[in-house]
Amino acid sequence: MDTIILYVVAGILLALSALKDRKKTLQALKKAWKAFEGILPQFLVVLILVAVVLAVLDTATISRFLGSGSGAWGVIVAALIGAITLIPGFVAFPAAAALLQNGAGATQIAAFVSSLMMVGVVTLPMEMKYFGKRAALLRNGLAFVFSFVAALFVGWVVSL
Amino acid sequence: MKAFIKRYAAFLVAILGFIAFLFILPAYREKSLSMIVFQAKTMLLVIPPIFILLGLLDVWVPREKMIRYMGNGSGLKGGLLAFLLGSFAAGPLYGAFPVAAVLMKKGSSFTNILIFIGAWSTTKLPMLLFEASAIGPRFALARLAIDIPGIVIIAFAIKAALPEKEVQRLYDEASRIE
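Top to bottom, those sequences are chains A and B. Positions in the first sequence are counted from 1; adding 12 to them yields my numbering. Positions in the second sequence are counted from 1; adding 11 to them yields my numbering.
Hints are computed from structural coordinates only; laboratory data are not their basis. These numbers come from a predicted model, not from an experiment. Possibly wrong hints are sitting among the right ones.
Unchecked claim - Capping the alpha-carbon separation at 30 Å, the derived lysine-lysine pairs in BS3-like fashion look like this: (1) B:Lys170 to A:Lys141; (2) B:Lys176 to A:Lys46; (3) A:Lys42 to A:Lys141.
What the hints assert, rightly or not - Sample of chain B residues with no beta-carbon within 10 Å of chain A, all distances over it, derived: (4) Lys13; (5) Phe34; (6) Pro73; (7) Arg74; (8) Glu75; (9) Ile78; (10) Arg79; (11) Tyr80; (12) Asn83; (13) Gly84; (14) Gly86; (15) Leu91; (16) Leu92; (17) Thr122; (18) Ser186.
To be verified - Some chain A residues close to chain B (C-beta under 10 Å, calculated; not the full set): (19) Leu25; (20) Leu26; (21) Trp45; (22) Phe55; (23) Val58; (24) Leu61; (25) Ala63; (26) Phe102; (27) Ala104; (28) Ala108; (29) Leu150; (30) Val166.
For glycine and all other residues, C-beta sits at the position ideal for the given N, C-alpha and C.
Turn these sequences into a full structure, and let the hints guide you.
Below, the structure is given as structure tokens:
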């Protein structure tokens, strides 16, 4: 759904831009292509990493880990799985909802969702290209730690 | 040619590793191949509009404007703008990095860039609505409530931990984007 919004917004702005200035619009498209071509090598590496990780850790396997994993251990496993996988929200949220209904804890699910969204181990090659090694590792490390804080908080709020 | 090989060296290694993986663990062969197709489709679907938007941003937004609204000294307003920009975005986090590079090139402050990345990663509005309807509004709103201070704290922590020289290097790198 958000992809449609994205296309509509990009389409409208592109049309407005073309109406105002053809040359500048062409320049923008050239820049868009250059930027894409610039990140392509890293992008292809990420593609392969994602395929391998998600082949090994498919939704059924993840469900088994999170469903049975209660307590502190389950939260850690949930955050780790979230950190190394790259699943679009429209797949992850319904799966998370099903897990909750089947008895997984809200804290575990929150840890999974938080680190899934904020931490990206497989996308590190792309992040490092723009942010450098230090900043990228720092951001992912801090976001990983933070996903535990977020998980405890969400788990507490849901239990109220 | 040499530059091309150097740029794609990591990819060639990854491809060889992937082929080895397919042979050593045939059980995952089918799944990983269909996964590569699925992910490539998703990525190719989201990427064009994001890059078009960043191209338009680069061409139409003058540097002086960006510095005024999101540069050093833009204060609370700049942070808020960075947060909203990230939250109204759509698409996976890897789409945010090239956009962030253009924002850097245009003179947005590093803290604001980090707030933008944080917001894009986790408080995207379309995703929030979906999360609320799938998992529950209480879950989604609690996550949003803790994420907002989290994003800001992480942004300031990275900015504080990163040497000024490294930040300067990243800006120099970004300014070389054509």
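- Ascending list of hint numbers which this structure does not respect: Nothing - there is no hint that the structure violates, so all of them hold.
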